[in-house]
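Engineer: The chain contents come next:
4 protein chains.
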Amino acid sequence: MSSSPAGSAFKPAFAGFADMVRASFAKQGMLQAIGARLVSIEPGQCRIDLPYSDAVSQQQGFFHGGAIGAIGDVAAGYAAYSLMPQGSEVLTVEYKINLVKAARPPLLLAEAQVLRAGRTLTVCRSEVFRVEGSDRELCAVLQATMMRVEPAVR
Amino acid sequence: MSSSPAGSAFKPAFAGFADMVRASFAKQGMLQAIGARLVSIEPGQCRIDLPYSDAVSQQQGFFHGGAIGAIGDVAAGYAAYSLMPQGSEVLTVEYKINLVKAARPPLLLAEAQVLRAGRTLTVCRSEVFRVEGSDRELCAVLQATMMRVEPAVR
Amino acid sequence: MSSSPAGSAFKPAFAGFADMVRASFAKQGMLQAIGARLVSIEPGQCRIDLPYSDAVSQQQGFFHGGAIGAIGDVAAGYAAYSLMPQGSEVLTVEYKINLVKAARPPLLLAEAQVLRAGRTLTVCRSEVFRVEGSDRELCAVLQATMMRVEPAVR
Amino acid sequence: MSSSPAGSAFKPAFAGFADMVRASFAKQGMLQAIGARLVSIEPGQCRIDLPYSDAVSQQQGFFHGGAIGAIGDVAAGYAAYSLMPQGSEVLTVEYKINLVKAARPPLLLAEAQVLRAGRTLTVCRSEVFRVEGSDRELCAVLQATMMRVEPAVR
Numbered sequence: 010m011s012s013s014p015a016g017s018a019f020k021p022a023f024a025g026f027a028d029m030v031r032a033s034f035a036k037q038g039m040l041q042a043i044g045a046r047l048v049s050i051e052p053g054q055c056r057i058d059l060p061y062s063d064a065v066s067q068q069q070g071f072f073h074g075g076a077i078g079a080i081g082d083v084a085a086g087y088a089a090y091s092l093m094p095q096g097s098e099v100l101t102v103e104y105k106i107n108l109v110k111a112a113r114p115p116l117l118l119a120e121a122q123v124l125r126a127g128r129t130l131t132v133c134r135s136e137v138f139r140v141e142g143s144d145r146e147l148c149a150v151l152q153a154t155m156m157r158v159e160p161a162v163r
Numbered sequence: 010m011s012s013s014p015a016g017s018a019f020k021p022a023f024a025g026f027a028d029m030v031r032a033s034f035a036k037q038g039m040l041q042a043i044g045a046r047l048v049s050i051e052p053g054q055c056r057i058d059l060p061y062s063d064a065v066s067q068q069q070g071f072f073h074g075g076a077i078g079a080i081g082d083v084a085a086g087y088a089a090y091s092l093m094p095q096g097s098e099v100l101t102v103e104y105k106i107n108l109v110k111a112a113r114p115p116l117l118l119a120e121a122q123v124l125r126a127g128r129t130l131t132v133c134r135s136e137v138f139r140v141e142g143s144d145r146e147l148c149a150v151l152q153a154t155m156m157r158v159e160p161a162v163r
Numbered sequence: 010m011s012s013s014p015a016g017s018a019f020k021p022a023f024a025g026f027a028d029m030v031r032a033s034f035a036k037q038g039m040l041q042a043i044g045a046r047l048v049s050i051e052p053g054q055c056r057i058d059l060p061y062s063d064a065v066s067q068q069q070g071f072f073h074g075g076a077i078g079a080i081g082d083v084a085a086g087y088a089a090y091s092l093m094p095q096g097s098e099v100l101t102v103e104y105k106i107n108l109v110k111a112a113r114p115p116l117l118l119a120e121a122q123v124l125r126a127g128r129t130l131t132v133c134r135s136e137v138f139r140v141e142g143s144d145r146e147l148c149a150v151l152q153a154t155m156m157r158v159e160p161a162v163r
Numbered sequence: 010m011s012s013s014p015a016g017s018a019f020k021p022a023f024a025g026f027a028d029m030v031r032a033s034f035a036k037q038g039m040l041q042a043i044g045a046r047l048v049s050i051e052p053g054q055c056r057i058d059l060p061y062s063d064a065v066s067q068q069q070g071f072f073h074g075g076a077i078g079a080i081g082d083v084a085a086g087y088a089a090y091s092l093m094p095q096g097s098e099v100l101t102v103e104y105k106i107n108l109v110k111a112a113r114p115p116l117l118l119a120e121a122q123v124l125r126a127g128r129t130l131t132v133c134r135s136e137v138f139r140v141e142g143s144d145r146e147l148c149a150v151l152q153a154t155m156m157r158v159e160p161a162v163r
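Taken in order, these protein sequences are the chains called A, B, C and D.
Position one of the first sequence corresponds to residue 10 (the working numbering), numbered consecutively onward.
Position one of the second sequence corresponds to residue 10 (the working numbering), numbered consecutively onward.
Position one of the third sequence corresponds to residue 10 (the working numbering), numbered consecutively onward.
Position one of the fourth sequence corresponds to residue 10 (the working numbering), numbered consecutively onward.
Treat the hints with caution; some may be incorrect.
Given that identical chains are not distinguished, each listed pair holds provided it fits within a single copy or across any two copies.
Keeping only pairs whose Cα atoms sit at most 27 Å apart, straight-line, the calculated DSS-like set for lysine-lysine is [to be verified]:
(1) K20 x K36
(2) K36 x K110
(3) K20 x K110
Keep in mind that the hints were calculated from the coordinates and are not lab data.
Keep in mind it's a predicted model, so treat the numbers as computed, not measured.
Work out the full structure, taking the sequences as your base and the hints as a guide.
Structural biologist: Put into structure tokens, the structure is as follows:
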């Protein structure tokens, strides 16, 4: 791996990275189905939020762990994707999530950042917060490995 | 932890465990929204399947990683829950998933088993297969920690 | 879980927490064998370093992943332990580590912090840096779940 | 990824894979320092054991989690390495381990198998057992991602 360490500024390989991410996001049926929204995309950083609805609920009226994992994973994937060259695809190799607090309505916000970007693999971290007004409460932390794929060689 | 090691038979603490799991499953709005189905529940084992639809798709026409993680996590949770005493709730502490192959339509099947059941924590493994007719192909492997919660002490 | 979110100050349950950690550290044969040193212990935070030697090397002359995991895990465990009541023991439930860069000599530093401390479970994060003079380079990131055990009930 | 699914037979890319693994193992200073031994290497499978000693102990007289993680990780790495072409190196991208039972003396055995081998990445699972005579008890389960590196391109 050859790029910047955690905390430093990342430079995108492709000036149109934000449009690339938005176009990809719009094609994800599951994200539409659950109501996830792309809040922001910066080089090496991505934020996605998710309002509460039946489509993301579990048996006790909290956000479902599957929905929390989904927005944490997707935010991490797009944080990684923002640094990739034009024409790349991004795949999740793996992720690990700790659900540290029951996630109550009304809104979740996933914030992801790249920790290390390599030629092939990028390691990211996401934090998922419950948000109500100006209150933020940490609900989940996720650590993920993303892979760059060139469409021609898949 | 005080229960059986991996591979041996588990004894449920509550004879009505299967109804307890089915009742919990039916209350999960997200599982209804994405179309997940409880295929089987045995002591320490659970199977859940998921037909392909727009609601579980990603940008390339495969199953979304969030949907794969959701059924793997839920199957693991119910495998653990099947061994818990009446009146317990089950929470996912954490899970880790490797997506080992792009998950194509038409159907996914998650098979979960308990590896070790303790008084408070239970460790489970899920494997998610793409199924078409009699063909099965491994798409994801998940390792999870589940926690028993007594409703009164939450 | 009932304690402070990430980033806020943690209050130790036991005023003698630092001595409790140092006494535990001194009893760990493996840490002595590999040469790990307790650098600092604060409420919810712990730092451990490890000089390079044959006892922590792998086949290419880098620090061994097992040594990197060990100091990351131990730092996380003591960050959690620093907040526990007198007489508690701490056990690692699980951890996940990404090795983001080959860890070259001369020195590694693991910095751990508690993300969320609960009555039974505590979730921590460790970052492991290669240090040479004033240079720091991120080599590994670890996310862990720690469990409080009361000796009497083990 | 393009190779065999879990459970089927793997074919090594290099007939001399076992010697390649043994030569690599012998160069790992940490494994010598803690007393780990290569028990067997087959295509896609590896077993490593570890007798109890002060060098692998923690504060309560059990095997240290760092030692358990080390043999689980190394066994997974060599299971992956056994399938790689001559001249490759193997790196651990990440692993996740659950410590499901306190690991008492006298001996641990790590058994690793490849779940999916790809051109670049290989996903493995390790189980670590406490062994005494003919008794085996599961102590830890590990899931890992390994990467093939061609020395020339590092």
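Engineer: Now look at each hint and say whether the structure bears it out.
Structural biologist: Hint check results:
1. K20 x K36: within (25 Å within a copy, 39 Å between copies)
2. K36 x K110: between (31 Å within a copy, 20 Å between copies)
3. K20 x K110: So K20 and K110 pass the 27 Å test across copies only (19 Å; inside, 34 Å).
Consistency with the previously given hints is maintained throughout, with no hint failing.
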